[in-house]
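Asker: Assemble the complex: chain A is given as a structure, and chains B and C must be docked to it using the hints.
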Amino acid sequence: MTTVSMTVNGKQVSADIAPNTLLVQFIRENLRLTGTHVGCDTSQCGACTVHVDGDSVKACTMLAVQAEGADVTTIEGLAQNGELHPMQAAFKENHGLQCGFCTPGMIMSAVDLVKRNPNPSEETIRTELEGNICRCTGYHNIVKSVKAAAENMGG
Amino acid sequence: MSVENGIGASVRRKEDQRFITGNGHYLDDMNKVGQAYGYFLRSPHAFAKIKSIDLSAAKAAPGVVDIFTGADMVADGIGGLICGWGITSKDGSPHNAPPHNSMAVDAVRHVGDQVAFVIAESLEQAKNASELIEVDYDVQTPVTNIAKALAPGAPQIHEEAPGNLCYDWELGDKAAVDAAFANAAHVSKIDLVNNRLSPNPMEPRAALGEYDMGSGDLTLYTTSQNPHVARLIMSAFLGIAPENKLRVVAPDVGGGFGSKIFVYAEETTTIWAARKINRPVKWTADRSEAFLTDAHGRDHVTHAELAMDNDGKILAFRVSTQANMGAYLSTFASAVPTYLYGTLLSGQYKIPSIYVEVQAGFTNTTPVDAYRGAGRPEATYVVERMMETAARDLGMDPTEFRLKNFIQPDAYPYETPVIMTYDSGDYPLAMNMAKDMIDYSGFAARKAQSEANGKIRGIGTAAYIEACGIAPSAAVGSLGAGVGLWESAEVRFNPTGSVTVFTGSHSHGQGHETTFAQIIADKLGVPIESVEVVHGDTSKVPFGMGTYGSRSLAVGGSAIVKAVDKIVEKSKKIAAHLMEASVEDIEHDHGVFSVAGTDKQMTMGEIAFAAYVPHNYPADLEPGMAENAFYDPLNFTFPAGTHIAEVEIDPSTGIVDIVDWAAVDDFGNVINPMIVEGQVHGGVAQGVGQALLEGVIYDEESGQLLTGSYMDYCMPRADDLPNFRVATTNTPCPSNPLGVKGCGEAGAIAAPAALMNAIVNALGKDINMPATPEKVWRAINNN
Amino acid sequence: MYSFDYERPSGINEAVSAIGEDDKFLAGGQTLLPTLKLRLAQADKLVDLGGIAELKGISVNDSEVTIGAMTRHVDVADSADVKSAIPALSFLASHIGDAQVRNRGTIGGSISNNDPAADYPAALLGLGATVHTNKRSISADDFFVDLFETALEEDELVTKVTFPIPEKAGYAKFPNPASRYALTGVFVAKTANGVRVAVTGAGTCVFRQTDMEAALSSNFAADAISGIKTESSGLSADIHASAEYRANLISVMAARAVKAAS
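Chains as they are written, first to last, in full-length UniProt numbering: chain A, 1 to 155; chain B, 1 to 783; chain C, 1 to 262.
The following block holds chain A by itself, in its conformation from the complex:
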C-alpha cells in the first residue's frame, strides 16, 4: 500500500491504496464519484475521461499514484455553484446524449477540445473526439452540442 494525495473537484483527498490502483478505480471506488465510467479495457472508448491538471486523460490508463499532487476534475466537478457548465447545458439543449453512459467522458473531452480550439470547425470537432465512442447518437447531435457550447463559451 502507498499513500496518494491529490485535489479532486477542488477538494483535497488522500488514501492508502495499492500501487496498481488505476485513477478511475480510485475515483469510482475510493471517492465514490461514479460519474466517471468504464466502457472498455483497451483505452479506446473514453468514457473514463477526466481532467488532470487541466488536460483530458483516460483515467483507466493512468495509475492513481501518477496523479500524486495533481489537480483532478471529474464530471461531478464541472458545474459550479449549481450552474451547469456551458458544455453540459449544450448537450442537454441539443440532445447530445441518449443512454448517458459515454456522456461524462464525452463532455470532459469536449471541454478540453474547446480549450485547445476555441472556435472549432465541425471537422475539428469530429477529429478531436476520436478518443470517445458513443453508440447511441451517431455523433450528429454531439457535434452540434460542442459547436453550440464553443459559441457560448465565447470562442
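Some hints could be false.
As the list claims (entries may be wrong) - Residues from chain A that face chain C, not an exhaustive set, calculated with beta carbons under 8 Å:
1) Ile17
2) Asn20
3) Leu31
4) Asp41
5) Ser43
6) Gly46
7) Asp55
8) Ser56
9) Thr61
10) Gln66
11) Ser109
12) Asp112
13) Leu113
14) Lys115
15) Glu130
16) Gly131
None of these hints come from the bench; they were simulated from the model.
Every value quoted in this text rests on a predicted model; they were computed, and no experiment measured them.
By construction, the Cβ of each residue, glycine as well, lies at the ideal position given by its N, Cα and C atoms.
Answerer: Coordinates of chains B and C only, in the frame set by chain A:
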C-alpha cells in the same frame, strides 16, 4: 387548447440532468454492504469436452469466498437457459433447442463459454484464483461458418441437433412462386452476406445479486431491457426463486440495442450464487467479455431471385437463407431469421407471390440473437439490394423501378403474401421527398465533377419497411411465441397534484421519462415537471414486457393512454358530482373538466384531491385516483420510408466517404420530434457501421474470436460519420390510440442497404459488407 | 493487473539503478498500462519516469530539434518551434492516438516500445534522428531492430532524441479504422544527407523504402515515385489489410507525404 410540453413538442429531456452531471445510477455504480466480487473462468477453446475441473488450488487462494461450476448448479436443480419462441420446420417438427446450461457441464462450445464462477473479496483476487483452476480439456475441431456447419461431415456440436440443424423453415406459396418464375420475362439474382455484428452498448452488462435470509427474498440488479421477462424466465424455467420472491431491478441502463433483452448465464449465475454464499455478489463484464458473450447480431448468407414481366413489374420473389445461431439458442434467437425476417420480404412492393426458406444452424461461436432491427434489417437488405440489382439488370433508374412497383397509398389495408397486413403508408411520397432532399436529378453532374477530381461517386436508395409495435399476442402466439407481447401501465395521480406513471417499457437511452411525461402533460394538463415516470423494477411496476422492437410508444404508450382514459372517465363522475351536473354533460379538455354550456369547471388536480379526500363524493365510486391498464396491440405497426446515401470513393485507397444522407421516415404521429431525430441518427450510424466498418471475425481453424476488442472491432467514431438530413412524413397508425409507429430501429434497417447500393452504384459491381477500404480497392482494381 | 511495487525517482541515475530484471520503466503508460490491465504483461516494480524533470522539454537550434524522452505528444504537436523547424514532425505527433493519449503518451515510451504500427519510429528513421540514452547515442537506423525490439539494453533508458532539421519533410498516415494506429504510414524527408523514406505499420518493424529514396533523390516529386511498387512479400497481413493492400498504401501514402512535404 394546446398544452405546453405536450404531444408534438421537442421537449428537452428530463433525464438529462442526472446524466450530464455524472449522477446517473448505472449498475456498476451500485455497491452493497458485504459485497463479494464474481469473475468467470471462460473457455479458451471454441469446442472441447471437459474431462475434469480441479478447483482445489484456486479455492485455497487468498480472498476466495467460493467457486462454483455448472455441476453445482445442476445439483441445485437449476434449469438451463431457454429460447422463448418455438419454430416449426417444413416437415412439421419442432426446432432443436439443445441444453444450454449457465456454466458448462460436459463441454464448452464457443470461446468464452462459462466454465467456473470464482467469488472473492476483491475482483483482483477472483482473477488471481481463476488462474489456478485446472481444466482438462479434450479439444475438438470447431466450425464457425454457417454454410460449413450445415454441410455434411461438419463437426457435431450438440448431440440433440443432428447436422447442426436448428430448423428448416419456410413461408409462402412455393408452387405459385415457381410458376411465376417459369413464365417470367426477366429474372435477377443476388448472393448476399449479412455480416455478424457485436451490439456494443457502451455500458457493459453487469449484475448484482442480493439475498435476504430472513425473508428469503432475492434481488437481482441487472442491465436489462425487460426485467419482468428476466424474472419470469428465471422463475419459471431456471427455478431460481418463485416470482413473488424474486425482484429484478434494471436501473439506468447504458444502451441495449437488443443485447440486453436476453436472459444470460452470468446474471443467472450471479443471483443464484448470492443465495449460495448468503452475501451480495457483483459481476461486471469488461469489454473483452462483452465481445465474447453479448449475443451477436445478423450473420446470414442469402441467395435471392426476383421474377419480372416485360414492363418491369415484379411477379414473384424467392429467397433462401442460412442463419447462424451460434453455439446455443439464445432467448429469442429462433424468431429473428423467421417471423421477424421472412414476413418483411414484401418490402414496400406489390409482389404477387413470395417464398422464403431459412435453415438455421449451430456453430462454435457466440450465440446470435436480436440486434437493433432484428431480422428486419436483414429483410430490407435482401429486398433493397435485390431491387437495385433488378433495376440495373433492366436498365431502369432504381427509384423509378421502385415507384413502379410500390404499394399505392390507396391500397391499405394491404395483405402481403407473407402474412402481414400493412395498415397505412405513403411510400411514393417519402421517396420523392428524399429524392428532392438529396437533389437526385443533379447526381449525374456531381458524379462528373467527382470524376474530374479523380473520385468515383455513387448514389443508393433503400425503401424500407419494418413491423414494429411488437406485438399482437394472439398473432405471435399462433406463430410460436412463448409469451404475450402486450404492455402494462399504471397512472397514479397523487393527492397533491403530481403524477407517477409506472410503465412496463424500459428506457435505456430512448427518453421515455420525457416522452411518456409529455403524454400525461398533454392529456391531463399537468406540468411536465410534476410527472415522474417509473420503470425497470418488478417490485414497483405491475408487469412489463420491456423495450425492443420499437414497441415502447406504440404498445407501452398506448397502455398509458388506456390508463389515462380510465382516469378521465372516473374524473368525469367526480366532476359531475361536485359540479352537480350529469356525467354526460361533463366535457374534458387537457385536464380541465367543465359542464357543457356553463362556465363551471374543475381542474384535474382539484378532482384528484377530492378523490383522496372524499368528503363530498359519489356514493358508488371508490376513492383514490390510480388506474392500471394492459394494452395488447391489434396489429403490428409499419414504419417505412426512404433513405438515400451518396458516396465518393477514393480509388487509390478504397476509402468510402459519405458525402450526403437523406432520410425520410414515416413514423406516424410524433410525440417528441427531437428524440425521434436522435433515434434516426443513431440507427443510421449503426447501419453505416455495419456497411463500412463492423464485422465479427472468427479464425475458422481455431474458432478464436479475432475481433475481441476495440483494437480490432471497428466502432464508428465521430469522424467516420457525416451529418444526416432527416425528415418525416405522417400517415397515422390506425391501430393504436396515439397513431404512432415506432422509430428506434428504422435507421439501422434502412442504412446498410442504402449505403451498399450507393457503393455498388459507384463500383458497378457487387461487394459484401463491410465495404472495407481494401475490399473496395480490390473491386476497383479487379484483384 | 497483477500487483507491483511503484517507485518515482527524480533523476536519471536513480531511475536506472532502481530498475531490476523483472521491473519496467513507466513513461506515459499509454501502451504499458493497457497491457498490464489485460494481464498480458507483469512487472515486479514500475519505475515511473514522470518525476524526472531533465527528461522533459523541447529545444531547437539551427540544425536540430531535440526532444526529451518524457515530452508528451501534445507538447511536440503544439510546439511553435517544432512547427516551424520540422512541420512534418509536429503533424505526425498531432496524429498519434487520440487527444487523451497525446496528453499522456511520450516519445521515449513510444520508441522504446517500438510497436510496428506506431508513428514516431517513422519520423526517427525518416529524419535520420539520433536516440540518446543514459549510456550512448544510437542512430535511428540501428535503434529499431525488430517487432517490439530495439537496441536498448535492459538498464538503458532513452533520455532524448535529436532530429536534424531537413530541407523538407512530410508524413502521411492511413489509420487502422479500428485501432487508429498506422495501418501504413510513410515519412519522407529531403535532408542534407539525401532523401529518406521510412515506412511504419506495413511490416514487423519500421523500414526504409530505398527504391523510392533513389527516385526522389533525383527528383523530389510525387511523380518520381508513381511507378515504384513495394514487394508485398515480407509485409504484414492481418484481418485489417493484406500485404498487397499495404504495399499499395505505401505508394499512395508516400506520394501524399511528398506532396505535403514542407
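Asker: It remains to establish, for every hint, whether it holds in the given structure.
Answerer: To see whether the hints hold, each was checked on the structure:
Against a cut-off of 8 Å between C-beta atoms, the interface hint on A/Ile17 is violated, since the closest Cβ of chain C lies about 10 Å away. Taken as an interface hint, A/Asn20 checks out: its beta carbon lies about 4 Å from the nearest beta carbon of chain C, inside 8 Å. About 19 Å separates the beta-carbon of A/Leu31 from the nearest beta-carbon of chain C, more than 8 Å, and the hint is not met. At about 6 Å, the closest approach between the beta carbon of A/Asp41 and any beta carbon in chain C falls short of 8 Å, and the interface hint on this residue holds.
Here the hint on A/Ser43 is kept, as its CB sits about 5 Å from the closest CB of chain C, short of 8 Å. A hinted interface residue such as A/Gly46 counts as satisfied when its beta carbon comes closer than 8 Å to some beta carbon of chain C; here the least separation is about 6 Å, so the hint holds. Proximity of A/Asp55 to chain C holds as hinted, the smallest CB-CB distance being about 4 Å (cut-off 8 Å). At about 5 Å, the closest approach between the beta carbon of A/Ser56 and any beta carbon in chain C falls short of 8 Å, and the interface hint on this residue holds.
The interface hint given for A/Thr61 holds, since its Cβ lies 5 Å from the closest Cβ of chain C, which is under the 8 Å cut-off. For the restraint placing A/Gln66 at the interface with chain C, the shortest Cβ-Cβ distance is roughly 6 Å, inside the 8 Å limit, so the hint holds. A distance limit of 8 Å between C-beta atoms decides the matter here; for A/Ser109 the minimum to chain C is near 7 Å, and the interface restraint holds. A cut of 8 Å between beta carbons decides the hint on A/Asp112: the least distance to chain C is about 7 Å, and the hint holds.
For A/Leu113, the interface hint holds, the least distance from its beta-carbon to any beta-carbon of chain C being 7 Å, beneath 8 Å. A distance limit of 8 Å between C-beta atoms decides the matter here; for A/Lys115 the minimum to chain C is near 11 Å, and the interface restraint is violated. Checking A/Glu130 against chain C: minimum C-beta separation of about 4 Å stays under 8 Å; hint holds. Proximity of A/Gly131 to chain C holds as hinted, the smallest CB-CB distance being about 3 Å (cut-off 8 Å).
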